[in-house]
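There are 2 protein chains.
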Amino acid sequence: MGGDHGPEVVVAGAALALERRPDTRFILYGEQAAVEPVLERFPQLRAASTFHHCDFSVRMDDKPSQALRQGRYKSSMWRTIDAVKTGEADVAVSAGNTGALMAMAKFCLRTMANIERPAIAAIWPTLKGESIVLDVGATIGADAQQLIDFSMMGGAMARTLFGLERPTVGLLNIGVEEVKGQDEIREAGRLLKETPLPGIDYHGFVEGDDLGQGTVDVVVTEGFTGNIALKTAEGTARQIAAYLRAAMSRTWLARAGYVLAKSAFDRLRDKMDPRKVNGGVFLGLNGIVIKSHGGADAEGIAAALDLAHTMARTGLREKIEADLASYHRRISEEAASVSESIVP
Amino acid sequence: MGGDHGPEVVVAGAALALERRPDTRFILYGEQAAVEPVLERFPQLRAASTFHHCDFSVRMDDKPSQALRQGRYKSSMWRTIDAVKTGEADVAVSAGNTGALMAMAKFCLRTMANIERPAIAAIWPTLKGESIVLDVGATIGADAQQLIDFSMMGGAMARTLFGLERPTVGLLNIGVEEVKGQDEIREAGRLLKETPLPGIDYHGFVEGDDLGQGTVDVVVTEGFTGNIALKTAEGTARQIAAYLRAAMSRTWLARAGYVLAKSAFDRLRDKMDPRKVNGGVFLGLNGIVIKSHGGADAEGIAAALDLAHTMARTGLREKIEADLASYHRRISEEAASVSESIVP
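These protein sequence lines are chains A and B, in that order.
Residue 175 in the numbering used here sits at position 173 of the first sequence, with consecutive numbering throughout.
Residue 22 in the numbering used here sits at position 20 of the second sequence, with consecutive numbering throughout.
Hints may be right or wrong, so weigh each one.
It does not matter which identical chain is meant; a pair holds if it fits inside one copy or across any two.
Stated by the list, open to error - Result set (DSSO-like, lysine-lysine): computed pairs, CA atoms no more than 27 Å apart in a straight line: (1) 195 / 65; (2) 65 / 182; (3) 273 / 130; (4) 87 / 76; (5) 76 / 65; (6) 130 / 195; (7) 273 / 76; (8) 87 / 65; (9) 87 / 321.
If you're looking for bench data, these hints aren't it; they were derived computationally from the structure.
Work out the full structure: start from the sequences and follow the hints.
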């Protein structure tokens, strides 16, 4: 029911995703009167889906607390998340209200053991391929331990998604020197150097321009800065696309050149297409939830569903849990050996 | 002496700026052996300049405290700033070490009355023209009053630079609703609504993608976020330029199209040229200091000098002082009238 276009686009996106990955099965939640007519147009999707009617839908402008109060247990959003909790579904995907989705996901799935706060991870296209950036807006601020948790979770995601053995992780900062940045970032950097994490290589600090260059596989930051960086990059890409369109339609020669180079422009558009990397992954909860852009079209929804399929296949959640367990076991062993050496 | 290329590029940039604005006069500080040979190649610049030899230069990797300790009074950087303090120069321009320049500028010029902390303002190219964004890295964090100070200083800069009567000002946030963001941002937003500032129109919150769209004339944020946003945008622009180059050289047709549309591509390159908007303006000190990109070439240095010329001509510093005085007079009048109404 969520997103700017509702079932019209969400159902069409699911049909597209099913064509590409025919082993996917869908459980759809929504208002029958809105979903059924669209679903009828896609007989293959209909055959691969179970549909559950829900009277109540969270609106895009509901406050998280309000959505939780009114929509708990009964809204299509809640029931989608709950299907992950009960094990009926592997991943929950929604194009709805981000704040409400995060509030419900936290309430329903709870955070993983040893994780204080969840993060939203975005896939960032770079000159070298793709990176993972987190947190892009789950919560404001993060202390050193939370930044370390994000590093571990982002690292696990990079291993499952990109098939890397030891992804590189950088902390987003305003300079690469050790003296730069807030206390929390410097402390996290110090700890990451001292105690290597399972399955990642800590690179050090990275700056804003390293994001697009793909300097590291995983960029870690707190949610406010991550959200501003993500939207600034999206805005800059749109701005340059507008410059390019204006330049290419200005003279006859430019228009002729555009026609000749059309396949190159199509390729460029494809590279810059934000729909191709649609989907913010909620990490740190007992279950994976993916948030699609509210403005996504069917192609964008399908991209978020492709991502969900990959996450489920590769067992992202289990990998994160294993990393966390091994890290905290080692930390407590070290603490034990320290206290032993203190006790005479 | 500063920047990645030293006097070679700084002097050549000054010569370029002089051609464009022949009424400019330069006072140059640096090591004679490095500066003199370059200056000799530009007789017109030489005639329009006074040169002062300095034994000591701040290095690009000196820590601010170290630069201040070793270079105070005698370094070329210090003496450049001091020329503004004594009134010999209207504006100081340097391509050197940013941290050292800010530390020396604060120490030498001191902050303006009623201003606690300086900010660095950047000029941001947008779809509508240009905006001013501050702080892009002078200090980390800002309380509500400091964000209000930044709004006033940015507003004064937009009036002098863009010739606007009442520039619009927005606070950078992760959503436009009043409940979003850190306490300091929400508090600043509340205060800006309650007590209108002289010479600006407060717009409300803006998000990262509003930067490139030019939603407001002045975007206000604290230095960490501002720096990340600025570098993310620069990195994204470079990334897309690389995509475009790759796409246009891939096939014969694309290359032929590129040749036909060359003037359009040149126009686009011009639009995206970071050298055209080179120069971070230090605001809130008793004197204007402009920091050029360390990697700037002669064209970039000339852009920073053009900006310096405009700032001096339009009396930016006096405008900021007048705004601050009028704001604080009103604030204390209001406080007085409140205490009168309390005293029976």
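Hints versus structure:
no., hint, verdict
1, 195 / 65, "between (40 Å within a copy, 22 Å between copies)"
2, 65 / 182, "between (36 Å within a copy, 11 Å between copies)"
3, 273 / 130, "both (12 Å within a copy, 25 Å between copies)"
4, 87 / 76, "within (15 Å within a copy, 68 Å between copies)"
5, 76 / 65, "within (17 Å within a copy, 59 Å between copies)"
6, 130 / 195, "within (25 Å within a copy, 45 Å between copies)"
7, 273 / 76, "neither (40 Å within a copy, 52 Å between copies)"
8, 87 / 65, "within (23 Å within a copy, 52 Å between copies)"
9, 87 / 321, "within (18 Å within a copy, 60 Å between copies)"
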